[in-house]
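Undergrad: One-letter residues, chain by chain:
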Amino acid sequence: MSALSNSNWSRRSLFRAAAGMAAAGSLAACGGNNGRSGGAGSGVDLTQYFHAYGEAGTEQAIKKYAKAYDKADVTTQWITSADFESKLFATLLTKNAPDLFEFHPQIQMVKSGQVADLTDIIDPVKSDFNPADIKSHTVDGKIYGVRMIDDPQFFFYRKSMLEKAKVEVPTTLDELMEAAAKLTTGKVKGLYMGDDLHSVINPMIWSAGADTLDEKNQIAYHTPGVIEGIKKMRKLFTSGHLLLGAPTASWDPSSLNQGLCAIQFCGMWAMPGIQKALGDDWGVFPFPKTIDSGKQSVYNGGWSMFVNAKGKNVDAAKEYVKWLWIDQKEYQEDWATSYGFHIPPRTSIAQSATKLKSGNAAEGVRLFNEFGHFDNIGWTQAMITALEDVFANSVRKDMDPEAALDKADAAVERELKKLFG
Amino acid sequence: MSTTKTRDLARPAPAKASPAKPRRGLRGSPTFNFWLFTGPFLIGLAIFVYAPIVWSIWLSFFEARFTVTPDKFIGFENYTYMLTNDDFVGSLVTFTVFAAFIVPTTWALSLSLALLVNRLRFMRAFFRSVFFLPTACSYVAAALIWKMSIFSGVRFGLMNTVLAWFGIDNIAWLVDPNPPWYWLVIVTARLWLQSGFYMILFLAALQNIPGELYEAAAIDGAKPGWQTFRYITLPQLRATSTAVILLLLIAAYQAFDEFFNLLSKTTWGRPPLVELYYKALGESQDYGAGSAGAVILTVLICAVTLLQGKFMGFGRGDESK
Numbered sequence: 001m002s003a004l005s006n007s008n009w010s011r012r013s014l015f016r017a018a019a020g021m022a023a024a025g026s027l028a029a030c031g032g033n034n035g036r037s038g039g040a041g042s043g044v045d046l047t048q049y050f051h052a053y054g055e056a057g058t059e060q061a062i063k064k065y066a067k068a069y070d071k072a073d074v075t076t077q078w079i080t081s082a083d084f085e086s087k088l089f090a091t092l093l094t095k096n097a098p099d100l101f102e103f104h105p106q107i108q109m110v111k112s113g114q115v116a117d118l119t120d121i122i123d124p125v126k127s128d129f130n131p132a133d134i135k136s137h138t139v140d141g142k143i144y145g146v147r148m149i150d151d152p153q154f155f156f157y158r159k160s161m162l163e164k165a166k167v168e169v170p171t172t173l174d175e176l177m178e179a180a181a182k183l184t185t186g187k188v189k190g191l192y193m194g195d196d197l198h199s200v201i202n203p204m205i206w207s208a209g210a211d212t213l214d215e216k217n218q219i220a221y222h223t224p225g226v227i228e229g230i231k232k233m234r235k236l237f238t239s240g241h242l243l244l245g246a247p248t249a250s251w252d253p254s255s256l257n258q259g260l261c262a263i264q265f266c267g268m269w270a271m272p273g274i275q276k277a278l279g280d281d282w283g284v285f286p287f288p289k290t291i292d293s294g295k296q297s298v299y300n301g302g303w304s305m306f307v308n309a310k311g312k313n314v315d316a317a318k319e320y321v322k323w324l325w326i327d328q329k330e331y332q333e334d335w336a337t338s339y340g341f342h343i344p345p346r347t348s349i350a351q352s353a354t355k356l357k358s359g360n361a362a363e364g365v366r367l368f369n370e371f372g373h374f375d376n377i378g379w380t381q382a383m384i385t386a387l388e389d390v391f392a393n394s395v396r397k398d399m400d401p402e403a404a405l406d407k408a409d410a411a412v413e414r415e416l417k418k419l420f421g
Numbered sequence: 422m423s424t425t426k427t428r429d430l431a432r433p434a435p436a437k438a439s440p441a442k443p444r445r446g447l448r449g450s451p452t453f454n455f456w457l458f459t460g461p462f463l464i465g466l467a468i469f470v471y472a473p474i475v476w477s478i479w480l481s482f483f484e485a486r487f488t489v490t491p492d493k494f495i496g497f498e499n500y501t502y503m504l505t506n507d508d509f510v511g512s513l514v515t516f517t518v519f520a521a522f523i524v525p526t527t528w529a530l531s532l533s534l535a536l537l538v539n540r541l542r543f544m545r546a547f548f549r550s551v552f553f554l555p556t557a558c559s560y561v562a563a564a565l566i567w568k569m570s571i572f573s574g575v576r577f578g579l580m581n582t583v584l585a586w587f588g589i590d591n592i593a594w595l596v597d598p599n600p601p602w603y604w605l606v607i608v609t610a611r612l613w614l615q616s617g618f619y620m621i622l623f624l625a626a627l628q629n630i631p632g633e634l635y636e637a638a639a640i641d642g643a644k645p646g647w648q649t650f651r652y653i654t655l656p657q658l659r660a661t662s663t664a665v666i667l668l669l670l671i672a673a674y675q676a677f678d679e680f681f682n683l684l685s686k687t688t689w690g691r692p693p694l695v696e697l698y699y700k701a702l703g704e705s706q707d708y709g710a711g712s713a714g715a716v717i718l719t720v721l722i723c724a725v726t727l728l729q730g731k732f733m734g735f736g737r738g739d740e741s742k
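As you go down the protein sequences, you meet chains A and B in turn. Residue numbering for the first sequence follows the numbering used here, starting at 1 and increasing by one per position. Residue numbering for the second sequence follows the numbering used here, starting at 422 and increasing by one per position.
A couple of the hints might just be wrong.
Here are a few chain A residues that sit away from chain B, every Cβ distance over 10 Å (derived from the structure) [stated by the list, open to error]:
#  : residue
1  : D45
2  : N96
3  : D117
4  : P124
5  : D174
6  : L213
7  : L244
8  : P247
9  : D252
10 : Q328
11 : N393
Straight-line C-alpha distance at most 25 Å; calculated BS3-like pairs for lysine-lysine [claimed, not checked]:
#  : chain 1 : residue 1 : chain 2 : residue 2
12 : A       : K142      : A       : K418
13 : A       : K67       : A       : K232
14 : A       : K164      : A       : K276
15 : A       : K235      : A       : K182
16 : A       : K407      : A       : K95
17 : A       : K397      : B       : K686
18 : A       : K87       : A       : K126
19 : B       : K686      : A       : K231
20 : B       : K493      : A       : K418
21 : A       : K235      : B       : K686
22 : A       : K417      : A       : K111
23 : A       : K111      : B       : K493
24 : A       : K318      : A       : K142
25 : A       : K232      : B       : K493
26 : B       : K686      : A       : K407
27 : A       : K166      : A       : K64
28 : A       : K417      : B       : K644
29 : A       : K187      : A       : K235
30 : A       : K216      : A       : K397
31 : A       : K397      : A       : K142
32 : A       : K95       : B       : K686
33 : A       : K407      : A       : K417
34 : B       : K493      : A       : K310
35 : A       : K322      : A       : K111
36 : A       : K216      : A       : K295
37 : A       : K63       : A       : K95
38 : B       : K686      : A       : K87
Treat the hints as calculated values from the structure; they're not laboratory data. Ideal Cβ placement from N, Cα and C applies to all residues, glycine included.
Chain A extracted, bound-state conformation (with noise of 0.2 Å):
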């Protein structure tokens, strides 16, 4: 055989194997190992990012919702907490965004045309959703996003310690760091706030009377209290009687719980996880009052459901959200009640779920309804991150709370000059 002829044979050889690559490759795209989680093959693919709730079931439950709908193929993709958003943020930018996906009302979203206006499909059901929650979605009198699930956020206590160290159940910041102090022995920590202490810092604000934005939009956190509370923090920071350092963040119950602290600052989220491990010897109190003219607060976070604007199937998307998050009550019940505790925004819904009128979760609800606030949409994720940086630097570093105040001002007043002109 010539080296020619056996050139051509190579060659041809080449292009078999290549044309089989692309028919196991086509087939292989036909299998069953595609992520999908079934469905009734409509031919409308739908994706839908979720971050990782840290609650066992969760994300099966997702996935069963969306195996029950039977006019697409929906997808979910399960996102590690941390990674969540810079991967949301990221993949939004390109072909291979979502279709659907879980975050917070946030205006530049709106604003840069990345969310699809839901009001159509809210409309009919307005009145049964939190005002509140139907407040922090719109713009322009448009509304953005369901809400999923509201997910108030305060102090998980163990009942046992405070009593052991004669400590009440403190309604000031300065009793808090007393608390905090008593509390304190050889292996456990008064208090726990994370790390960072950023699951504070709105509360902290609210609690010393101010807030992140007035009804104008424009910076109302700088102010005396503010400073007053910043300062107090510093102080309880460098106390020695904070928890820090631990292995998990202060989302995860699991410090309280091992008893590494006596008071956590937690979600409601973790309230079975924290009765299964503490039995009955845990409570719950708000953020306490900063400064004497201010008043205890709670953060009311949560998840909504957004609709990518800029997505194949925006249509087939809101379809879906409307069939899931608005028609199918026993879902949204089943999501805001059988893992975590959250509650449901629908009124109707959180009137009768059963498993929030007892114990801590109803005073949990209390407490949501009492001293609730709300996410602002004007409030992005770039001012989230300015104040951050104020308790990075005067919380954590000691630098000068005004100084700290005012070079935040200086990066919300550039976003909210672009947001507002």
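Once you have looked at the hints, place chain B on chain A.
TA: Showing chain B alone in chain A's frame:
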């Protein structure tokens, strides 16, 4: 008859034109072969390196928030913003501090390890492997081990357990910037991760030093130990040392993983890449400002590299010495 002789005497046959046509295609054209083999890499380079660089420069002149296809030209506004941003400028200081720590310590540790391993008479391969193995570990995994296990701030963290034996209270290694214990965590993590690799480079260089040099020095009365190390080993390792220092500096510029994972959401200890990620990309989605920062950083790295080249004599031929 000796065939060899015949072959030696035989004249080469005159060249004849081949009756066959010149071969074309895969094996016939060197130009075609050149493009066939380099083409895919050049295409990849153009798509994944040059296009993003050009795109990034273009983006830096636009108001590019939440989009990478902006239409609002704003000139040098993004550059002004980044250059007047304390945090971005501070990140360059962080890098300088980090480089000042990590470059000399890694150089010294990897050279020491290489000298020790080179002296071993048995189990040399074992120890070489042991020291090299951390190179295979992911920076993220190492950062998490350092953060969660060795330098955890609670009482059962490894370092805090050791300190407790001496009656010292727990230290929040990564949480409290005063005192800045976080540098100890970051530097030890990176030392563990990269010293083995540079040790291998030094080992190769050590094994290339001719034994005659040491023998001649011994005859001339040089004492083994520090004297031979100072006057023979170290000068012989000059080229390798230069390369190692250059590689360490480049690696320091690229620092991201361990800083990002060990010091999440702080305002200190942010090298330039982490600062750019937080301030301009990431959650804020300000791709214009991010690109401006990237361009500034690129220009700075080029300038430093050129200066370093001039200082260390890269590119000079032997004749110019």
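Undergrad: Now, for every hint given, state plainly whether the structure supports it.
TA: Tested hints:
{"no.": "1", "hint": "D45", "in the structure": "holds, 25 Å"}
{"no.": "2", "hint": "N96", "in the structure": "holds, 14 Å"}
{"no.": "3", "hint": "D117", "in the structure": "holds, 17 Å"}
{"no.": "4", "hint": "P124", "in the structure": "holds, 31 Å"}
{"no.": "5", "hint": "D174", "in the structure": "holds, 22 Å"}
{"no.": "6", "hint": "L213", "in the structure": "holds, 17 Å"}
{"no.": "7", "hint": "L244", "in the structure": "violated, 4 Å"}
{"no.": "8", "hint": "P247", "in the structure": "violated, 6 Å"}
{"no.": "9", "hint": "D252", "in the structure": "holds, 13 Å"}
{"no.": "10", "hint": "Q328", "in the structure": "holds, 31 Å"}
{"no.": "11", "hint": "N393", "in the structure": "violated, 5 Å"}
{"no.": "12", "hint": "A:K142 to A:K418", "in the structure": "holds, 21 Å"}
{"no.": "13", "hint": "A:K67 to A:K232", "in the structure": "violated, 51 Å"}
{"no.": "14", "hint": "A:K164 to A:K276", "in the structure": "holds, 22 Å"}
{"no.": "15", "hint": "A:K235 to A:K182", "in the structure": "holds, 15 Å"}
{"no.": "16", "hint": "A:K407 to A:K95", "in the structure": "violated, 37 Å"}
{"no.": "17", "hint": "A:K397 to B:K686", "in the structure": "holds, 13 Å"}
{"no.": "18", "hint": "A:K87 to A:K126", "in the structure": "violated, 31 Å"}
{"no.": "19", "hint": "B:K686 to A:K231", "in the structure": "holds, 20 Å"}
{"no.": "20", "hint": "B:K493 to A:K418", "in the structure": "holds, 12 Å"}
{"no.": "21", "hint": "A:K235 to B:K686", "in the structure": "holds, 21 Å"}
{"no.": "22", "hint": "A:K417 to A:K111", "in the structure": "holds, 13 Å"}
{"no.": "23", "hint": "A:K111 to B:K493", "in the structure": "holds, 15 Å"}
{"no.": "24", "hint": "A:K318 to A:K142", "in the structure": "holds, 15 Å"}
{"no.": "25", "hint": "A:K232 to B:K493", "in the structure": "violated, 44 Å"}
{"no.": "26", "hint": "B:K686 to A:K407", "in the structure": "holds, 17 Å"}
{"no.": "27", "hint": "A:K166 to A:K64", "in the structure": "violated, 48 Å"}
{"no.": "28", "hint": "A:K417 to B:K644", "in the structure": "violated, 73 Å"}
{"no.": "29", "hint": "A:K187 to A:K235", "in the structure": "holds, 21 Å"}
{"no.": "30", "hint": "A:K216 to A:K397", "in the structure": "violated, 32 Å"}
{"no.": "31", "hint": "A:K397 to A:K142", "in the structure": "violated, 42 Å"}
{"no.": "32", "hint": "A:K95 to B:K686", "in the structure": "violated, 29 Å"}
{"no.": "33", "hint": "A:K407 to A:K417", "in the structure": "holds, 16 Å"}
{"no.": "34", "hint": "B:K493 to A:K310", "in the structure": "holds, 20 Å"}
{"no.": "35", "hint": "A:K322 to A:K111", "in the structure": "holds, 23 Å"}
{"no.": "36", "hint": "A:K216 to A:K295", "in the structure": "holds, 22 Å"}
{"no.": "37", "hint": "A:K63 to A:K95", "in the structure": "holds, 23 Å"}
{"no.": "38", "hint": "B:K686 to A:K87", "in the structure": "holds, 17 Å"}
Checked against the numbered hints above, the structure violates hints 7, 8, 11, 13, 16, 18, 25, 27, 28, 30, 31, 32; every other hint is satisfied.
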